[in-house]
Amino acid sequence: MKILSNIIVKLLLILAAILFISYSQQSLDSYTLGILNNIGIFAILALSYNLINGVTGQFSLEPNGFVAIGAYMTAILLIPADTKSDMYALVDPAPVILHMHSGFLMALIFSGLAAMLVAMLLSFPVFRVRGDYLAIVTLGFGFIIRIFAMNSPAYTNGAMGLNDIPDSANFLWIGGIAVVTFVVMLNVISSKFGRAMKAVRDDEDAAAAMGINTFKIKTTAFMTSAFFEGVGGGLLASFLTTISPDQFSFLMTFQLLIIIVLGGLGSMSGALLATILVMGSMEWLRFLDSDIVIFGHHTGAHPGMRMVIFAVLLIIMMLFARRGLFGDQEFGDLIKKLFSRRRNS
Amino acid sequence: MDFTTFLQQLINGASLGSMYALIAIGYTMVYGVLRLINFAHGDIMMVGAFLTYLAYAAGVPFIPSVLLGIIGSILVGILTDKIAYKPLREAPKISLLITAIGISFFLENLFNVIFGGVPRAFNAPDYLTKVFHIDNIYLPVTVIIIPIVTVLILTSVLWVLYRTKYGMAIRALAFDIPTVKLMGINADSIITIVFALGSALAAVGGIFYAISYPSIDPLMGIIVGLKAFAAAVLGGIGSVTGAVLGGFILGFTEILVVALFPDLGGYKDAFAFFFLILVLLFRPTGIMGEDLERSRF
Amino acid sequence: MSTSLLEIRNITMQFGGVTAIDDLSFKVDTGDIYGLIGPNGAGKTTIFNIITGNYYPTKGEIYFDDNDITGTKPNHIVTKGIARTFQNIRLFKSMSVLENIMIGFHQRTNYSYPEAILRFPRYFQNEKRIKTEAMGILEEFGIADYANNAATALSYGNQRKVEIARALATQPKLLLLDEPAAGMNPIETEDLSNIIHKIKKDYDLTVLLIEHDMKFVNAMCNKVTVLDYGEMIFEGKPADAIVDEKVVSAYLGDFTHA
Chain Z
42 MKILSNIIVK
52 LLLILAAILF
62 ISYSQQSLDS
72 YTLGILNNIG
82 IFAILALSYN
92 LINGVTGQFS
102 LEPNGFVAIG
112 AYMTAILLIP
122 ADTKSDMYAL
132 VDPAPVILHM
142 HSGFLMALIF
152 SGLAAMLVAM
162 LLSFPVFRVR
172 GDYLAIVTLG
182 FGFIIRIFAM
192 NSPAYTNGAM
202 GLNDIPDSAN
212 FLWIGGIAVV
222 TFVVMLNVIS
232 SKFGRAMKAV
242 RDDEDAAAAM
252 GINTFKIKTT
262 AFMTSAFFEG
272 VGGGLLASFL
282 TTISPDQFSF
292 LMTFQLLIII
302 VLGGLGSMSG
312 ALLATILVMG
322 SMEWLRFLDS
332 DIVIFGHHTG
342 AHPGMRMVIF
352 AVLLIIMMLF
362 ARRGLFGDQE
372 FGDLIKKLFS
382 RRRNS
Chain X
165 MDFTTFLQQL
175 INGASLGSMY
185 ALIAIGYTMV
195 YGVLRLINFA
205 HGDIMMVGAF
215 LTYLAYAAGV
225 PFIPSVLLGI
235 IGSILVGILT
245 DKIAYKPLRE
255 APKISLLITA
265 IGISFFLENL
275 FNVIFGGVPR
285 AFNAPDYLTK
295 VFHIDNIYLP
305 VTVIIIPIVT
315 VLILTSVLWV
325 LYRTKYGMAI
335 RALAFDIPTV
345 KLMGINADSI
355 ITIVFALGSA
365 LAAVGGIFYA
375 ISYPSIDPLM
385 GIIVGLKAFA
395 AAVLGGIGSV
405 TGAVLGGFIL
415 GFTEILVVAL
425 FPDLGGYKDA
435 FAFFFLILVL
445 LFRPTGIMGE
455 DLERSRF
Chain F
29 MSTSLLEIRN
39 ITMQFGGVTA
49 IDDLSFKVDT
59 GDIYGLIGPN
69 GAGKTTIFNI
79 ITGNYYPTKG
89 EIYFDDNDIT
99 GTKPNHIVTK
109 GIARTFQNIR
119 LFKSMSVLEN
129 IMIGFHQRTN
139 YSYPEAILRF
149 PRYFQNEKRI
159 KTEAMGILEE
169 FGIADYANNA
179 ATALSYGNQR
189 KVEIARALAT
199 QPKLLLLDEP
209 AAGMNPIETE
219 DLSNIIHKIK
229 KDYDLTVLLI
239 EHDMKFVNAM
249 CNKVTVLDYG
259 EMIFEGKPAD
269 AIVDEKVVSA
279 YLGDFTHA
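Protein chains in written order, with this note's numbering: chain Z, 42 to 386; chain X, 165 to 461; chain F, 29 to 286.
Hints listed in this document are in silico derivations from the structure and should not be mistaken for laboratory results. One should not assume that every hint holds.
[As the list claims (entries may be wrong)] DSS-like cross-link-like pairs, simulated, lysine-lysine; straight-line CA separation at most 25 Å:
#1 F/251 to Z/377
#2 F/229 to Z/377
#3 X/250 to F/121
#4 F/159 to Z/51
#5 F/121 to F/87
#6 Z/377 to F/156
#7 F/101 to Z/257
#8 F/243 to F/226
#9 Z/257 to F/159
#10 X/246 to X/345
#11 F/226 to F/274
#12 F/229 to F/243
#13 F/226 to F/201
#14 F/156 to F/101
#15 F/55 to Z/257
#16 F/201 to F/228
#17 F/156 to Z/378
#18 F/156 to Z/51
#19 Z/378 to F/229
#20 F/229 to F/265
#21 F/228 to F/108
#22 F/201 to F/55
#23 F/201 to F/101
#24 F/228 to F/87
#25 X/257 to F/121
#26 F/243 to F/274
#27 F/159 to Z/378
#28 F/229 to F/201
#29 X/345 to Z/257
#30 X/432 to X/329
#31 Z/257 to F/108
#32 F/265 to F/121
Fair warning: this is a prediction, and the values are worked out from it, not measured in the lab.
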């Protein structure tokens, strides 16, 4: 009985999401849609990032690198061959680049797979060893990707980047994939794999003592995160219609880090809520970069002040509010606990 | 490649390697004692370079400016530990790492806001920018001074670590913190010394870097820092000699590979990353091979 | 072919200059409740860690069920049929009591990653099965009411039970208990002792336990090995151990309290 009511609630929520997405796509103006699309893409990225970082407890800085892989993969697959011939200005595009072409969905899937493959390769040096190397390796990886993008003009058009990417990504796609990502993540967490990931996070040695292959579990989480980050990258490329190596900087990863910490490391619904809060207020927070008048004193315009404030907020959160909004629980669990406490009192 | 060119590259490599070595020591010492990768370390180096630049541009003579830069780095290093790392000593590791990244991002953007992101020319005094020409070899005075100073500094650090009681305390702390506390040693003071020492060395490395590639910018700490950490892992994380070894290997590799294969020049910054991957795949404890993974049973 | 389930053969363990275990040998037969006792630092937990593959011995072998398992990785040791608890209770703090037990079923939960994501029937069947089995174990331990509580919310004694229950979920032949009665009052200790006897019978277990509390050891174990500074100084019945000269001087009369 309880399982049935659970399923009904979930189906209703999915239905509500579908209705909201189609209504928005049809009726909202392009400015609002732009914000929603941005939130949608970052939601996909935040949910994926949360799996390796929050649920499995492995500190990683991978998103910007895998997003870049996905973005370039989708761009190359979507842009038609003759456009590429014109666009690649520094050198001629490599033949394989001219041949690569696919529809939108396949492009996204290939983007995810490409990122996932790289994640698998990185897993071997990183997860077989104990220690904190994942963060440094993924941090360095983000830089390396940029170096490769700049230095392989035959494949990536170097510093000039790729433009005229077909804009197939609308809110139906982005919102839809966001819903899919959310459901997939929840399904992973409530399975034996999610339990194993949390066990590895809580106490890796005890997890191994229970028969969990910690290398396999960490790699599984990492590859799953990578897949959806690649897909998110593909959606980003199509949404922005133009990409360049400098776009996938550490700043993107840092924003995602703030989001998942704010939402609560390990909570998917928390990550979702935090994405809406942070990305939604990004626009509004731009005022921090400009001249502010406090009690009649002008602070002067300081571009980049926003980032300083964010960094300070992250540090303060880590010192005083480490558990974020939802801790490591989902919104649904917290509601249930609230009701069961009422019932008992 | 003829001999003079090879000699030239060797000299350049020694100079670059020295800088990596100086910065790598700080990483390896903090990791050895706290098992923490201090992501802000590269930015502490940047702070030292910037403060030296500002003091010198304001008219302070060069050597005092350098001292101010070093002191500034030391202060930032110690403050970072006191404010951000110390409160989280008992917290899960991931909290510490997230905070470290936060500090790094904070320093970068703070200096970006205050000074702007455009690289500035670092004008060293004339006696440091003199260049000698011997045969066809281009010998800036710095390329001689830097390795010599580095060797002197390294010898002093090793002397401190192995011949003084503070050094012994540091090495003991790297082994087991609770026991050290039981011996009546104030672990927090020793940790502060470790941060101070590492930050000072990073500042020196940063100033050398600023003189050699005469420019500074708020983001200079990231790439150099990353490479220095890779060098520390290559040499054996936790080992000071290892950090120096790794630093020199990386410096030589970067210069020599680009000299031999100029087409790879754009990938220069990626070599450190590949070293890191190779080390982790085949010999995670690095060249000096200190196994820091003590069991938690 | 011997009847011993677990055989420690000439194990020596050196850490740098320190010899933690010196040429230790003993056998645990099927059906024993075997006690490993000795003063603090004698090397008892070290032996556990060698058995479970966390340490690789400097010399010697571990035989389990006539197979050499020396150095087998910890997560494979479980497959072979050995499960353990820890000296300082190591439950998974972010999860409930029931979830902790369900982790013990990890290797025996039979669905793949895609099947979990796509919610194939095998997912539902297996989740239901292990949940039922997990509740069953909790009921045997008398703590089924706490199933959905946070694992850390339970009393110390109950947390220890959860840890043992979790180890039991892996269906071991040999159960390694590291100071199970540590920190317990006499009532909890007796409760624990009854439970261990019960599960030993119900699940056909062999038990190897480390303990300080001689009363507990007396009540539980049919055989003991006494270690001091990594060497065996006595092997035999607990009652004989108490009066043995070497054992007494090792403990300096330190028998009756935990």
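Structure-based check of all given hints:
no.	hint	in the structure
1	F/251 to Z/377	50 Å, violated
2	F/229 to Z/377	39 Å, violated
3	X/250 to F/121	23 Å, holds
4	F/159 to Z/51	22 Å, holds
5	F/121 to F/87	36 Å, violated
6	Z/377 to F/156	21 Å, holds
7	F/101 to Z/257	14 Å, holds
8	F/243 to F/226	18 Å, holds
9	Z/257 to F/159	24 Å, holds
10	X/246 to X/345	18 Å, holds
11	F/226 to F/274	33 Å, violated
12	F/229 to F/243	21 Å, holds
13	F/226 to F/201	15 Å, holds
14	F/156 to F/101	30 Å, violated
15	F/55 to Z/257	34 Å, violated
16	F/201 to F/228	10 Å, holds
17	F/156 to Z/378	22 Å, holds
18	F/156 to Z/51	19 Å, holds
19	Z/378 to F/229	38 Å, violated
20	F/229 to F/265	21 Å, holds
21	F/228 to F/108	18 Å, holds
22	F/201 to F/55	15 Å, holds
23	F/201 to F/101	17 Å, holds
24	F/228 to F/87	32 Å, violated
25	X/257 to F/121	15 Å, holds
26	F/243 to F/274	19 Å, holds
27	F/159 to Z/378	20 Å, holds
28	F/229 to F/201	12 Å, holds
29	X/345 to Z/257	38 Å, violated
30	X/432 to X/329	41 Å, violated
31	Z/257 to F/108	19 Å, holds
32	F/265 to F/121	38 Å, violated
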